[in-house]
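Between the sequences and the hints, there should be enough to build the whole structure, so can you do that?
2 protein chains.
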Amino acid sequence: MKLLEERILKDGKVGAGNVLKVDSFLNHQIDVPFITLLGEEFHRLFSDEGVNKILTIEASGIGIACLTAVRFGVPVVFAKKTLTSNIYADVYTSSAFSYTHQKNYEIVVSKQFLGEGDRVLIIDDFLAKGSALLALISLVREAGAEVVGAGIVIEKAYQEGGSVVRAQGVRVESLARIASMSVEDGIRFVD
Amino acid sequence: MKLLEERILKDGKVGAGNVLKVDSFLNHQIDVPFITLLGEEFHRLFSDEGVNKILTIEASGIGIACLTAVRFGVPVVFAKKTLTSNIYADVYTSSAFSYTHQKNYEIVVSKQFLGEGDRVLIIDDFLAKGSALLALISLVREAGAEVVGAGIVIEKAYQEGGSVVRAQGVRVESLARIASMSVEDGIRFVD
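Each protein sequence line maps, in turn, to chains L and X.
Here the first sequence is numbered in our numbering, starting from 1 and rising by one per residue.
Here the second sequence is numbered in our numbering, starting from 1 and rising by one per residue.
Hints were generated in silico from the structure; no laboratory data involved.
We put the beta carbon where it would ideally sit given N, CA and C, even for glycine.
Per the computed footprint, the stretches of chain X lying under chain L, defined by three or more beta-carbons under 8 Å from a beta-carbon of chain L, are:
no., stretch
1, 32–39
2, 56–68
3, 110–120
Given below as structure tokens:
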């Protein structure tokens with residue numbers, strides 16, 4: 001999506017350690033009119049899939065998921081992160097690894113809000129090694145619901161997450177795919 | 001707001017320890033079409049205030065804030081919670097106490113995203129003892145920005161938060177105000 005690539009080049013900051021900071025419009029300050037356009041693009045891509053629920057993970061996925069759900073007219077469920085396993089009753093859980101914090105965490109969703117017959121679109125801000133996305137997919141499947149696809153704002157295409165998830169037969173649509181990124185050479189997108 | 005009161009009576013669950021669970025539509029599953037109506041009400045209430053930024057706190061405020069910001073056409077900034085003080089540079093910080101987790105935490109907002117001239121509407125899901133809201137107000141003032149008001153979905157009016165914040169001269173608009181609540185007698189709203 002050209003508009004997003006231009007915005008990343010204009011406002012994104014590449015930092016040490018493979019970090020892309022886009023917190024001026026995506027995950028600390030949320031440019032709501034702009035993110036609404038991304039939501040419309042996700043709707044265009046997945047409008048034929050009979051989506052009845054959007055799933056994301058706290059915290060930075062929530063805004064994008066809600067602004068996408070406006071166009072679908074469906075609810076958002078956000079998975080909660082917790083460091084403690086099995087403290088909740090009646091939840092689906094799945095494990096993920098945070099490369100930022102270098103530790104495992106559990107994600108949980110109440111069984112009330114996900115189940116058989118649900119056609120779930122997963123929305124998230126970033127896809128890199130895929131740990132969070134794989135955990136969300138596993139959780140949807142555990143619930144007996146169907147993953148119709150994943151809508152990602154920014155995919156680091158030079159990392160393995162996208163390939164691993166696509167190899168599972170999940171349709172992944174990333175609005176910007178970064179081919180390479182460094183402080184010296186800046187950001188290049190996949191053609 | 002009648003529509004919200006009816007929804008709380010229908011789907012809210014009063015639990016032990018002064019807990020109102022509204023996670024089927026507000027803070028785990030988000031009923032986006034319904035919350036959009038709440039956002040429109042916040043817009044009606046604060047449309048004359050020249051709001052140019054909406055501030056909330058992660059995680060459960062983000063959805064409501066974004067769905068309100070759609071009508072205002074302004075960005076959302078969400079404060080991040082952290083247990084560690086002073087680990088970030090160039091941020092405004094403020095302290096709050098979590099009654100749920102019985103511990104203090106810091107909230108932080110990057111100095112880039114809040115400053116002089118900003119007219120800030122604070123949005124949050126709950127107001128009870130007011131700790132989080134007071135921390136947000138303090139943070140906005142530290143930034144030299146102006147709080148034009150606070151839009152709250154559910155106020156526990158039998159707790160002191162609302163009075164304390166209003167006594168500071170801040171306009172607080174709560175869409176539902178609970179007068180009393182118990183497992184035995186259910187929920188009563190302020191007339």
